[in-house]
Structures are given as structure tokens and as C-alpha cells.
Amino acid sequence: MANYLFIESRDPFESRDTRFVEETATALKQRGNDVTIFLLQNGVFASRQNARNSNLAGLAQTGIRILADDFSLLERGITTAELVSGIQPSDIETLVDLLVQRDTKAIWH
Amino acid sequence: MTEKKLTLALMDPPYESANSTTAFRIISAALQKGIRVNVFAYEGAVCLPLKDQTPHANPVKNTTIEEEEHPTTKAFVSTLLEIGGEDRLLTWVNCGLCVDERGATNAVDGVKRGSPADFLKMTQESTNTLVIPTK
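Residue numbers (my numbering), protein chains in the order written: chain A, 1 to 109; chain B, 1 to 135.
Calculated from the structure, these hints are not laboratory results. Model, not experiment: these values are computed from the prediction. Worth double-checking, as some hints may not be accurate.
Claimed, not checked - Pulled from the structure, derived: some chain A residues nowhere near chain B, Cβ distances all over 12 Å:
| no. | residue |
| --- | --- |
| 1 | 1 |
| 2 | 61 |
| 3 | 78 |
What the hints assert, rightly or not - Here are the simulated lysine-lysine pairs, DSSO-like style, with alpha carbons at most 27 Å apart:
| no. | chain 1 | residue 1 | chain 2 | residue 2 |
| --- | --- | --- | --- | --- |
| 4 | B | 51 | A | 105 |
| 5 | B | 51 | B | 135 |
| 6 | B | 33 | B | 5 |
| 7 | B | 5 | A | 105 |
| 8 | B | 112 | B | 61 |
| 9 | B | 121 | B | 135 |
| 10 | B | 4 | A | 105 |
| 11 | B | 51 | B | 112 |
| 12 | B | 135 | A | 105 |
| 13 | A | 29 | B | 135 |
| 14 | B | 4 | B | 121 |
| 15 | B | 135 | B | 61 |
| 16 | B | 4 | B | 51 |
| 17 | B | 112 | B | 5 |
| 18 | A | 105 | A | 29 |
| 19 | A | 105 | B | 121 |
Ideal Cβ placement from N, Cα and C applies to all residues, glycine included.
Model the full structure from these sequences, guided by the hints.
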């Protein structure tokens with residue numbers, strides 16, 4: 001079992017290829033891997049409860065850990081109360097900790 | 001491998017993408033944790049530490065250079081190298097071919113010149129590698 005860290009920087013409403021991350025993360029989780037999606041930059045737009053066509057809530061229910069960068073949220077005026085259930089606010093220090101965790105494969109998208 | 005070491009490959013030129021800001025934040029956070037960081041700047045990213053960058057006033061807001069405090073990427077790189085300190089926790093290597101293509105030889109102190117072979121060596125010696133591509 002490996003750790004997979006997806007860093008999603010893209011807004012799903014601008015970049016439809018964010019589906020790639022969702023599908024790949026799901027497949028890896030189904031194979032028993034530990035999977036984290038870290039949303040940052042415009043990627044945090046999908047974390048809002050009123051964001052239509054966001055699949056993040058469903059992903060969180062499968063056991064995929066979903067984190068949202070606090071700096072990116074603040075820049076875009078998104079409060080913690082607006083986040084989809086299952087998405088945790090996080091920070092860049094946590095991202096660094098995840099990056100230097102043993103046996104972690106990091107993919108920036 | 002007991003010492004934690006992180007390698008980043010950057011490609012975006014200055015003032016183009018939020019990727020650069022995020023990369024600086026990751027490097028800063030890692031250095032503050034005492035993690036050794038290698039940066040391989042490729043393509044337009046070799047201009048991030050370009051010494052010729054100058055801050056500017058903002059005629060729209062009618063602010064002076066001092067009031068504007070316009071951040072330059074060369075200042076970020078210099079500060080990160082300072083945070084790395086004498087232990088040289090941060091190694092910044094600019095791709096030489098990319099530098100020559102762009103005439104970007106005048107980098108801030110502490111920036112080295114290298115090749116993709118250096119990036120390969122960095123990745124082999126690192127706990128992990130993060131490639132931040134252009135979109």
C-alpha cells in the first residue's frame with residue numbers, strides 16, 4: 001500500500017480535466033491505497049457547498065482525505081462554514097508534512 | 001535516508017501564475033521545518049531570481065514605489081536562500097540552457113547553474129519530488 005497525494009490547483013468549472021484526479025483517486029483508494037487530495041489555488045472553488053457538479057462530497061465518503069488550503073480559501077473569500085462536509089481546512093505546513101511522508105507519490109494537477 | 005529532503009521542479013515564469021506563489025510557500029514552510037530543499041528551475045522559472053527585476057509604482061492607485069511595496073520574485077528567492085542560511089538548506093539550480101535562451105544570466109547571489117542531470121541527481125537523493133508544471 002502506498003500513499004498518494006494529489007494536489008489539485010484547478011477550478012473544476014474552468015478545467016473539466018479535474019475529473020482525472022477524482023477518477024484516479026477513487027481507483028487508487030479502491031485498491032487499498034491511502035489517498036489524499038489537497039485543494040489549493042483555484043482548486044478550492046470546488047469545496048463550497050453551493051458548488052454544483054462537485055463530486056468531492058462523494059469522494060470524502062469513500063475514505064479519501066480531502067484538505068483545503070487555508071490561504072487559498074482566504075484569498076477567495078471562502079469560509080470554513082461554506083465547505084462541503086468531509087473537507088477539512090488545512091495549511092501549507094501540513095502539505096509539506098505529507099510530501100515528506102515515506103512512500104508518498106505526489107501528483108500536481 | 002534519515003534526513004528529509006524535498007525537490008521541486010518549477011517551470012512557470014514570474015508574474016504568470018499562482019503556482020510560483022505556492023512554490024515559494026512550500027519552500028518556506030519546508031525550510032522552517034529544517035527540511036533540506038532542492039529547486040530545479042526550468043523553462044520560464046529561470047527568470048524568478050533575475051536580478052534585473054525592479055519594483056514599480058502604481059499609476060492607477062497613484063501610489064509610489066515605497067507605498068506599493070511591489071513584491072519581486074527575485075526578492076522572494078533571495079529571502080528563501082537567506083532562510084536556508086549557512087547550512088545551505090536551500091539549493092536553487094537554474095537550467096543553463098533555459099537561462100541562455102532567455103538571456104537570464106544575471107541571477108541573485110546563491111543561484112547555481114545546472115542541467116537536467118542535476119535534477120535527476122536531486123530526485124535520487126530526495127525523500128520526494130514535486131513537479132509543478134505550467135498549465
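Here's how the hints hold up against the structure:
Non-interface status of residue 1 of chain A relative to chain B is upheld: no Cβ of that chain comes within 12 Å, the nearest being about 17 Å off. With a closest Cβ-Cβ approach of about 28 Å to chain B, residue 61 of chain A is found to remain outside the 12 Å limit, as its non-interface label requires. No Cβ of chain B comes within 12 Å of the Cβ of residue 78 of chain A; the nearest lies about 15 Å off, and the non-interface call holds. Simply put, residue 51 of chain B and residue 105 of chain A have alpha-carbon atoms about 35 Å apart, too far for the 27 Å limit, and the pair is violated.
Among the hinted pairs, residue 51 of chain B with residue 135 of chain B is consistent with the structure: their alpha-carbon atoms are about 26 Å apart, no more than 27 Å. Straight-line distance between C-alpha atoms of residue 33 of chain B and residue 5 of chain B comes to about 11 Å, which keeps the hinted pair within the 27 Å bound. Straight-line distance between C-alpha atoms of residue 5 of chain B and residue 105 of chain A comes to about 14 Å, which keeps the hinted pair within the 27 Å bound. The suggested pairing of residue 112 of chain B with residue 61 of chain B is violated, with an alpha-carbon distance near 38 Å, which exceeds 27 Å.
Between residue 121 of chain B and residue 135 of chain B the CA atoms are separated by roughly 25 Å; this keeps the pair inside 27 Å, and the hint holds. Restraint check: the Cα-Cα separation between residue 4 of chain B and residue 105 of chain A comes to about 15 Å, which is no more than 27 Å; the hinted pair holds. The suggested pairing of residue 51 of chain B with residue 112 of chain B holds, with an alpha-carbon distance near 13 Å, which does not exceed 27 Å. At most 27 Å may separate the alpha-carbon atoms for a hinted pair to count; residue 135 of chain B and residue 105 of chain A meet this at roughly 20 Å.
Proposed proximity of residue 29 of chain A and residue 135 of chain B is supported: the alpha carbons are some 26 Å apart, at most 27 Å. A C-alpha spacing of about 15 Å is found between residue 4 of chain B and residue 121 of chain B, which places the hinted pair at or below 27 Å, so the restraint holds. Taken as a hint, the residue 135 of chain B and residue 61 of chain B pair is broken in the structure, with Cα atoms around 31 Å apart against an allowance of 27 Å. The suggested pairing of residue 4 of chain B with residue 51 of chain B is violated, with an alpha-carbon distance near 30 Å, which exceeds 27 Å.
Restraint check for residue 112 of chain B and residue 5 of chain B: satisfied, since their Cα atoms lie roughly 18 Å apart, inside the 27 Å limit. Pair hint residue 105 of chain A plus residue 29 of chain A holds up; C-alpha atoms about 14 Å apart against a cutoff of 27 Å. The hinted pair formed by residue 105 of chain A and residue 121 of chain B meets the criterion: a straight-line CA distance of about 18 Å does not exceed 27 Å.
Checked against the numbered hints above, the structure violates hints 4, 8, 15, 16; every other hint is satisfied.
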